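K.L.:
Given these sequences and hints, build the entire structure.
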Amino acid sequence: MSDHEPARTLRITGRVLLGPDDVRDEVWAVGGRITHERPPGADDALTLTGWALPGLVDAHCHVGLDKHGPVDAATAEAQALTDRDAGALLVRDAGSPSDTRWIDDREDLPKIIRAGRHIARTRRYIRNYAHEIEPGDLVAHVAREARRGDGWVKLVGDWIDRDAGDLTACWPRGEVEAAIAEAHRLGARVTAHCFAEDSLRDLAEAGIDCVEHATGLTEDTVPLFAERGVAIVPTLVNIATFPGLAAGGEAKFPRWSAHMRRLHARRYDTVRAAYDAGIEVYVGTDAGGSLAHGLVAAEVAELVKAGIPPLEALSATTWGARRWLGRPVLEEGAPADLVLYDEDPRADVRVLAGPRRVVLNGRVIG
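Residue numbers (my numbering): -1 to 364.
It should be emphasised that the hints constitute simulated quantities derived from the structure, not laboratory data. None of these values were measured; they are calculated from a predicted model. It is possible that part of the hints are untrue.
Stated by the list, open to error - Here are the simulated SDA-like pairs of lysine to any residue, each with C-alpha atoms no more than 20 Å apart in a straight line:
no., residue 1, residue 2
1, Lys109, Gly324
2, Lys65, Ala245
3, Lys109, Trp322
4, Lys109, Ile363
5, Lys65, Gly242
6, Lys109, Arg99
7, Lys303, Ala351
8, Lys65, Ala275
9, Lys65, Asp97
10, Lys250, Thr166
11, Lys250, Arg355
12, Lys65, Ile158
13, Lys250, Tyr266
14, Lys303, Pro241
15, Lys65, Ser96
16, Lys303, Gly324
17, Lys109, Ala5
18, Lys303, Thr239
19, Lys303, Asp274
20, Lys109, Arg355
21, Lys109, Gly30
22, Lys109, Asp97
23, Lys250, Ile124
24, Lys303, Phe240
25, Lys65, His129
26, Lys109, Gly292
27, Lys65, Ala244
28, Lys109, Thr80
29, Lys65, Pro241
Unchecked claim - Label pairs and their calculated CB-CB ranges:
no., residue 1, residue 2, range
30, Leu243, Lys303, 39 to 49 Å
31, Ala224, Pro37, 14 to 24 Å
32, Arg260, Gly331, 26 to 36 Å
33, Lys303, Arg260, 15 to 25 Å
34, Asp97, Asp42, 33 to 43 Å
35, Asp41, Ala76, 32 to 42 Å
36, Pro221, Pro38, 30 to 40 Å
37, Gly331, Pro18, 41 to 51 Å
38, Arg121, Asp97, 17 to 27 Å
39, Lys303, Ala275, 39 to 49 Å
40, Arg142, Arg121, 32 to 42 Å
No residue lacks a Cβ here, since even glycine has one placed at the ideal position from N, Cα and C.
P.N.:
In structure tokens, the structure reads:
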């Protein structure tokens, strides 16, 4: 089927998980949209059977980016296809220097919610990734990326300070407050890359909406995040790389290396403490930098390993994540974006690693 042909009528049977406890025997896809009513011509529909979930969400992903910086369209397409085939049909692109708007015209590629390009302090982030600026320019750049993105802006909240030999906060409190206020005025939410402890209080008190990684949360800042409604996307499959990074930097930055090891050692305790305090936790892989795409199932399993109940970890990549991002699940009229599995993923989230069928915009993939 070409991208321009109308999607075929589908009947999805078995167990359709509209929500954690809302299970239906069937739904239909007509013209690429979900309906719960038997449509005309139903007898000619293609029937798919299994345990059906809304398309998975990877809420921290980078399409159009690799470890060196922006990539060409063919590489970006391959990244998006890998995510799609893993069941990730909605991606929040948490910072990319590439223009990937062309993906929006492709019925066979995941839907992307963009956060514009990273905004970082000069020489305080990965080369070729971010706008590298000084604090006086922060508000203007946030305004620009708020207009360029899809309702999100991405800051780099901390990074290694070579003079200090460790992670330190990148932005003064006043500039952070003004920048977040400007993003909110323009209708955008703000998130920030944060590994360490130092920047978290200022960001939360300044009204930030989300923090990526959040390995620096402590018993002092966990209650603050819960009180202020700051969500986190832990990216545990990325945090697993910390020991290797620490080993590579040991000779030049021993203090930073020791800090990274401590953050890694307590990563599961940090995530569980956040969840227990009522902080919203969502699934994100940080694919597209040094990590491969298609790791969404592995990240869900990591959240369970951290102590988040399986059903909550599943929601963090399905129903809950989609509500957080303002996108539909499998209600009447929603895009027919769903993934089918052979077994109940609520009973064992490892089932997510083996999608049986992927349906995107009512088209059966593969």
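K.L.:
Confirm or reject each hint.
P.N.:
We went through each hint and held it up to the structure:
Straight-line distance between C-alpha atoms of Lys109 and Gly324 comes to about 13 Å, which keeps the hinted pair within the 20 Å bound. Among the hinted pairs, Lys65 with Ala245 is consistent with the structure: their alpha-carbon atoms are about 18 Å apart, no more than 20 Å. A distance of roughly 15 Å separates the Cα atoms of Lys109 and Trp322; the hinted pair therefore holds under the 20 Å criterion. In summary, the hint linking Lys109 to Ile363 is supported, as the alpha carbons are separated by about 15 Å, within the 20 Å threshold.
For the hint linking Lys65 to Gly242, the alpha-carbon distance of about 16 Å falls within 20 Å, and the restraint holds. Between Lys109 and Arg99 the CA atoms are separated by roughly 10 Å; this keeps the pair inside 20 Å, and the hint holds. For the given pair, Lys303 sits about 15 Å from Ala351 by alpha-carbon distance, which is consistent with the 20 Å threshold. For the hint pairing Lys65 with Ala275, the CA-to-CA distance comes to about 35 Å; that exceeds 20 Å, so the pair is violated.
This hinted pair checks out: Lys65 and Asp97 have alpha carbons roughly 17 Å apart, not beyond 20 Å. For the proposed pair Lys250 and Thr166, the alpha carbon gap of about 17 Å is at most 20 Å, so the pair holds. The suggested pairing of Lys250 with Arg355 is violated, with an alpha-carbon distance near 48 Å, which exceeds 20 Å. As the CA atoms of Lys65 and Ile158 are separated by approximately 17 Å, the hinted pair is consistent with the 20 Å bound.
For the hint linking Lys250 to Tyr266, the alpha-carbon distance of about 28 Å lies beyond 20 Å, and the restraint is violated. Straight-line distance between C-alpha atoms of Lys303 and Pro241 comes to about 18 Å, which keeps the hinted pair within the 20 Å bound. Straight-line distance between C-alpha atoms of Lys65 and Ser96 comes to about 13 Å, which keeps the hinted pair within the 20 Å bound. Among the hinted pairs, Lys303 with Gly324 is inconsistent with the structure: their alpha-carbon atoms are about 28 Å apart, more than 20 Å.
For the hint linking Lys109 to Ala5, the alpha-carbon distance of about 17 Å falls within 20 Å, and the restraint holds. The hinted pair formed by Lys303 and Thr239 meets the criterion: a straight-line CA distance of about 17 Å does not exceed 20 Å. With a C-alpha separation of about 14 Å, the suggested pair Lys303 and Asp274 falls inside the 20 Å cut-off, and the hint holds. Taking the CA atoms of Lys109 and Arg355, the gap is near 18 Å; set against the 20 Å cutoff, the hint holds.
Using a Cα cut-off of 20 Å, the hinted pair Lys109 and Gly30 holds, with the two alpha carbons roughly 14 Å apart. Proposed proximity of Lys109 and Asp97 is supported: the alpha carbons are some 14 Å apart, at most 20 Å. For the hint linking Lys250 to Ile124, the alpha-carbon distance of about 17 Å falls within 20 Å, and the restraint holds. Between the alpha carbons of Lys303 and Phe240 the distance comes to roughly 18 Å, so the proposed pair stays at or under 20 Å and holds.
Between Lys65 and His129 the CA atoms are separated by roughly 16 Å; this keeps the pair inside 20 Å, and the hint holds. With a C-alpha separation of about 15 Å, the suggested pairing of Lys109 with Gly292 holds against the 20 Å cut-off. In summary, the hint linking Lys65 to Ala244 is supported, as the alpha carbons are separated by about 17 Å, within the 20 Å threshold. Using a Cα cut-off of 20 Å, the hinted pair Lys109 and Thr80 holds, with the two alpha carbons roughly 13 Å apart.
With a CA separation close to 18 Å, the supplied pair Lys65 and Pro241 stays within the 20 Å bound. One distance hint, 39 to 49 Å for the beta-carbon pair Leu243 and Lys303, is violated here, with the actual separation near 21 Å. A beta carbon spacing of about 45 Å between Ala224 and Pro37 contradicts the range 14 to 24 Å that was offered as a hint. A beta carbon spacing of about 49 Å between Arg260 and Gly331 contradicts the range 26 to 36 Å that was offered as a hint.
With their beta carbons about 19 Å apart, Lys303 and Arg260 fall inside the hinted range of 15 to 25 Å. Between Asp97 and Asp42 the Cβ separation comes to about 41 Å, which falls inside the hinted range of 33 to 43 Å. Separated by about 39 Å at the C-beta atoms, Asp41 and Ala76 satisfy the suggested range of 32 to 42 Å. At about 55 Å, the beta-carbon gap between Pro221 and Pro38 misses the expected band of 30 to 40 Å.
Gly331 and Pro18 have their C-beta atoms about 21 Å apart, which leaves the hinted 41 to 51 Å range violated. Take Arg121 and Asp97: their Cβ atoms lie about 25 Å apart, and the range 17 to 27 Å holds. Here the CB-CB span from Lys303 to Ala275 is close to 19 Å, at odds with the stated 39 to 49 Å. Between Arg142 and Arg121 the CB atoms are about 21 Å apart, so this pair departs from the stated range of 32 to 42 Å.
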